[in-house]
Structures are given as structure tokens and as C-alpha cells.
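Going down the list, the sequences are from chains A and B. Here numbering that gives the first Met the number 0 is used: position 196 in the first sequence is 195, and no number is missing along the way. Here numbering that gives the first Met the number 0 is used: position 134 in the second sequence is 133, and no number is missing along the way.
Hints should not be assumed to be uniformly reliable.
[To be verified] BS3-like, lysine-lysine: derived pairs with alpha carbons at most 25 Å apart:
| hint | chain 1 | residue 1 | chain 2 | residue 2 |
| --- | --- | --- | --- | --- |
| 1 | A | Lys-236 | A | Lys-20 |
| 2 | A | Lys-61 | A | Lys-191 |
| 3 | A | Lys-82 | B | Lys-192 |
| 4 | A | Lys-226 | B | Lys-192 |
| 5 | B | Lys-192 | A | Lys-225 |
| 6 | A | Lys-98 | B | Lys-192 |
Honestly, the hints are just simulated from the structure, not real lab data.
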Amino acid sequence: MNRFAAVLIALGLLSAGAQAKEWTEIRLASEGAYPPFNTIGPNGALAGFDIDIGNALCAEMKAKCTWVKQEWDGMIPALNARKFDAIVASMSITAERQKQVDFSDKYYATPLGLVARKGSPLLPSAESLKGRKVGVQRGTVADNFATRFWEPKGVNVVRYAKQDEAYLDLASGRLEAALADALEAEGGFLAKPEGAGYAFLGSRMFGANAEEKAVIGDGVGIAVRKKDADLKAQLNKALATIRANGTYDVLRKKYFDYDIYGQ
Amino acid sequence: MDLSVITGSLDQYLAGLWLTVHLVALSCAIGLAAAVPLAVARVSRNPAVRGPVAAYTWFFRGTPMLVQLLLIYYGLGQFQWMQAQWEAGHPFWLLFREPYFCALLAFALNTGAYTTEIIAGAIRNVPHGEIEAAKAAGMSRFVMARRILLPSALRRAIPAYSNEVILMLQGSSIASAITLVDLTGAARNVYSKHFAPFEAFVFAGLIYLVLTFALVGLFQLAERRWLAHLRAQRNPRPVG
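Take these sequences, add in the hints, and give me the full structure.
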């Protein structure tokens, strides 16, 4: 009986050891079409704030990281299909996604913003946008928000596979406004020459009530499979370290001249 | 497998199915109507008549339909001149602002090119005997084309054309690349909402399968009706 107990304990220790696995090789995925967070650099490799954060975390964790380029549409299913181990692609932490995956702590906060031609009389509300064409990237927080709060009230929501395509149609006049992550819209469109005649309408949207706040989410985190709690813990620890030792701020200043971490 | 993903979004699938059906039907109808005269021009002995049609079919058969679609939708919309026409509300150019029209144009031009070559090939393969008989009966070239050449060629083109229509049905799934919510677009929306790729796409695939079988059946009926004279005889007379 004693021997049996010893075997059980040994097995328990073994499996505990397996559970608290130290991740030394991690495959990270990003999209590469969401500047300045993730884009394709001149050399064809992924680049941007997400990529820098991912690399900094890997350096902190002393892990060897490889990047995988993955379309936004299939991001979460591909994570769960073990095509890679974590998503560092400006993915907002939302209740809907938390049914499928776990998230690290946020690495930046992200309100939505409604972009339109300067001087447009529109406002980010269902009443103002009724009957108008508003573009969103399919499957994003902006899509969820517009689908839930605007489409039922008569706003014409047009969905795109890529954020860039929505800006193209905004510039060509097919859309009257585009709803997007405010930071992304600023870096990916408004700050560029083609975004010169455009601006945010109204203020940035953090959610006017609890329901809207739940859709907009608690900021952007790194998604991991639900069973990889050890990876999540390692990422959170590394994140806290780079926040505290100033690495985060150095990287952030490369892209943004104000603090995007939020409260 | 979570069936509620599908049952909860049946209305989206139905709307997508309807868009797919009339987009494909309309573009095939336009393409076929244009292809008949173009095929006649394509087999002309005059290079000035034959050349432009050959260039058209060469371009549209030589590039992917997705590229053609993106060129028409995003490409044209990028020009300042086109945007100025849209601002001014020019009724003809405004058509190019609508994703539906862009898809219809790209699909019709594409299937028109393939159908032209299919019919032109069939015209070239009309048996000499039929043409000689027509000539012997004293028909003018126009009468011969209308009574003998085209009816015979169009009948012979049915099997190849049925392939073209089925390819168009499946090719039409790229309409979702320009914001149209066709059957594939509906599946993509369902997929990104529920993160359930298997359910979302399997169901769309099943609908495409049913549509394809329906088309195959329709074309079999057409072949039975118009190609009966070319069918193998059921009870061939014993030899000798």
C-alpha cells in the first residue's frame, strides 16, 4: 500500500512537472496588416509594435520565438489547432473570445474611433449614422460593436477582410465612415498622406455603458490556448517586468508619442 | 459540431444564397448573349474582326478572375477622376461604386471570354457535310449561319458550357472579397462571429453541392432535348 502511494505521489509529481512546463520555444502569430501594430516590413518579415512587444517578452523569458503570419479570420481556430502557441496581433480581450482562448494581461488599451472625411456632420451614434455605409474589419471589436448596437438600428454595416480595404473604400467615397480601433486608425490611416483629409468624428469610444464596455473589452492581450496556463503565467510575469524596467516605454516611444497603456 | 451555429444564422445563409444565385445567373446570361456574336467574329477569316476578340479572350482567360474583380472594384475606385465622377453623381460611373455591379461586370466579362472560345470551338467543329449541304441548298452565308451553323454549334457546345456554368458558380465565391455577402460571405461572417470554421463552411459547401447537382441535372435535360441526335442508340441494330 505504501509502495502504491509512493508511485501515486511520484506520478503526481511528474504530471505536475509536465503541467508547469517552462516554455523555451514559442511560436507567435500575427497578421501583418494592422499598422503600426503589425505590418510586413521592407524585408518581408513581420514588424511593428506587437512584434517588438512579442520579441521583448521572449527575450525576458529567455525563450526562442518564431513568428507565423496568419490571416485575421482564422487566427483563433488556428491557435486552437496548435498551428502556433500565442497570438500577438492586437487582439482585444472580449468575453466572446474568452470562450475560446485565454488572454494575458493587457499590453495596451484600445478605444474605438469613427473615421470620416474632415467636416463630415456624422457622429458615432446609431441615430446619426442611420442609413449610412460604415465599414469595419470582419471579426474585430469594431465589427462586434457595429453589429450589436448600430446595425439593428438601420446603419448599413459593410464588412471587409482587411482593415486597409475599408480605408481604400473610405478614400474612394464608397463608405461614409469607418469604425476601427482608434490607435490603429491613427497610425494606419490618419497619420499617412492618404488619410490627410480625414479625422475622428466625435470623441474616442470607450463604451458609454456597461453593455458597450463589455463589447469594447479591457484592452489588448496575448491569446493562448486555455490549457496553457503556464505560458500565460510566464507571459504575464515577463510583461510586468518589461513594464517596470522601462523596456515597454522604449518600444512604445518608437510608435506613439503618448501613453497607450491606459489606466 | 455545433448545429446551433447554423440554425441560428439560416437567414444569413438564405440571403447569401439568393445573392449567389442571381449574380451567377445574370452574369452567365450576359456572358452567353455576348459570346454568340463574339464567337462568330472569333472564327472570322478577317484578322481585323478576329483580332480584337482574340485579345479579349486572351486577356480574360489569361488572368485570374479574382485579379479582374479587384482591378475593377479597388483599382478603378482609386483614380481621382473616378472619385470626382462619383462626387458629381454621374449616373453611369456611379455604377462602378456599387460592389454588385463590379462583381457582375467582372464575372460577365470573364465568363463571356470562356464562352466565346467554347462556342467558337464548336463552330469550327461543325461537320463539313452539314455546311456543304447548306451550300448545296443555295443558302446565303447569313442564312446558313442562322439556320445551320449556330444551331448545330450551340447544341454541341452544351456539355462544355455546362462545365463553364458550374465553374462560374464556384468562382462566384470570390464576390465576398469586395464586401458582397454571397453564400461564402455569409459563411465568413458566421465563422468570424462564432469562431466555428467547420460548421460555417461545411454548410456553405453543402449548399454549393446541391446547386451544382441541380445545374448538372438541368444540363442533362438540355442535352437530352437538344443533343438527342448525337446520343448512342439504345438498341443498336445487330451487325450482319
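Here's how the hints hold up against the structure:
Distance hint between A/Lys-236 and A/Lys-20 is fulfilled; the C-alpha atoms sit about 15 Å from each other, no more than 25 Å. As the CA atoms of A/Lys-61 and A/Lys-191 are separated by approximately 36 Å, the hinted pair breaks the 25 Å bound. Restraint check for A/Lys-82 and B/Lys-192: the C-alpha separation of about 21 Å stays at or below 25 Å, so the hint holds. Of the supplied pair hints, the one linking A/Lys-226 and B/Lys-192 holds, its CA atoms being roughly 23 Å apart against a limit of 25 Å.
Among the hinted pairs, B/Lys-192 with A/Lys-225 is consistent with the structure: their alpha-carbon atoms are about 19 Å apart, no more than 25 Å. Restraint check for A/Lys-98 and B/Lys-192: the C-alpha separation of about 12 Å stays at or below 25 Å, so the hint holds.
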